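All chains should be built: construct the whole structure from the sequences, respecting the hints.
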Amino acid sequence: MIAAVMILILSTALFFFYFQVTCQKLLGRQFDREYFQSIANANRLEFPSLRKSLEEFGAPVDYSRLRMMLRCDFLALTYLLKNAANVNQRYTYDERLLILYFRWQFLALGVRRLLKLGENTAVLRLTAVLQYFANVVGQRVNAVKFGNLTAADYLLNL
Amino acid sequence: MSTNLIGHVLQYAGILIEACLVIYLARNPRRGQLAGVSLYLSCLLGTGLGRRLALSTYGWTSPQYSYVYWTTDFLLVIAAFLLVCHFFRRACLSQEKLWRFVRLLLCFSFILVAGISGVSFVGHYGGLSLPYVIEFSQDLYFTCLVLNTLLYLMLQQIGSVDDQLGLLVCGVGIQFAGPSATMALYHLTTGQRFSASLTSYMLPMCTLGMLMVWAYAVIHVSDRVNKVTPRRNPVLAEVTAD
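Protein sequence lines correspond, in order, to chains A and E.
Numbering of the first sequence is given in my numbering, commencing with residue 1 and proceeding in unit increments.
Numbering of the second sequence is given in my numbering, commencing with residue 1001 and proceeding in unit increments.
Do not rely on the hints blindly, as some may be mistaken.
[Claimed, not checked] The calculated lysine to aspartate or glutamate pairs, modelled on EDC-like cross-linking and capped at a C-alpha distance of 16 angstroms, are: (1) 25/A / 1163/E; (2) 25/A / 94/A; (3) 82/A / 95/A; (4) 25/A / 1073/E; (5) 82/A / 94/A.
Quick caveat, the hints were computed from the structure, so don't treat them as lab data.
Quantities reported herein were computed from a predicted structural model and do not represent experimental measurements.
See the structure below:
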């Protein structure tokens, strides 16, 4: 009985640990250059400024607005991931895993808020996922030539 | 949609991905370095197909299916242990001294698990048969999870830059930890409906998770030889510059 409880606790903890580490490793992928800024500018995404304000000043924004910003950026980027310069019109398996990770961290953000543990860590993780998605979109758009269109023009025409 | 149907769909999806990965690895020029992964995937594939065949031939409640299931489970857990050993070997490629110690640790763990399962079994049943195999499999499974975690910590400690190995180890961790937790929950709730259905989802889902991570590691991550980057103490100029 005690052994089963211990195995349950330890295994559950290790499962989430491995899930988190796997996602962090996926997020650690190096891109040949930083594409996310142009994608964020073209789509008026707010995660770069949110991340900057958290890293530089550590100042949390209004919580409900923060959730809304993250959610909107997530919806925009997942749409672009699926539709922008994506021939297959579907997510790859690593993107699916990171979408799941985002949702989990979004839940963790709410729990942290509820328990008053501070939201900054969760917000930084969420913005890291968004930055990765924006980089992937930027790289794909950059790889496809559309005449004289820039990446921003292409995205505006979607 | 019933729980069983979703479970079957997940299992078939797993078998399909396993087959694709086995074929991909067989055609990969670096298959020698990933021999352990190929072997384990082949075992998973063979086991999945064998169980499907036994299920359709003998039926869910037949003793023959139970025998096939637990025998293949035993083979799988031995393959998993050998896979973890293979990963340890790959992590210690340039560190012979460490490998000698790790080899001892692995042998000791295996003997310890066999001994503990044996003692526990003799106390309860008094012979050597299927229940011993089941107990041994479950103990060795959990041991593999612990050893895999030790391997992950060791990779962090020696500063390994083998990204592919890191992801492979994480995949194995997901595959071992999820089922281990659900099986423990199943035992604690004495097989209630909720835990039974959770088990039928979690086992194939964790296998799928591992296969996805492995596919990413094998296809997208350029495998670099395990280089150990020794930690360099900062020189005075760097310290003062900070």
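Outcome of the hint check:
1. 25/A / 1163/E: holds (8 angstroms)
2. 25/A / 94/A: holds (11 angstroms)
3. 82/A / 95/A: Between residue 82/A and residue 95/A the Cα gap is close to 10 angstroms, so the pair holds against 16 angstroms.
4. 25/A / 1073/E: Judged against 16 angstroms, a Cα distance of about 30 angstroms means the pair is violated.
5. 82/A / 94/A: holds (13 angstroms)
Hint check: a violation occurs at hint 4 only; the rest are consistent with the structure.
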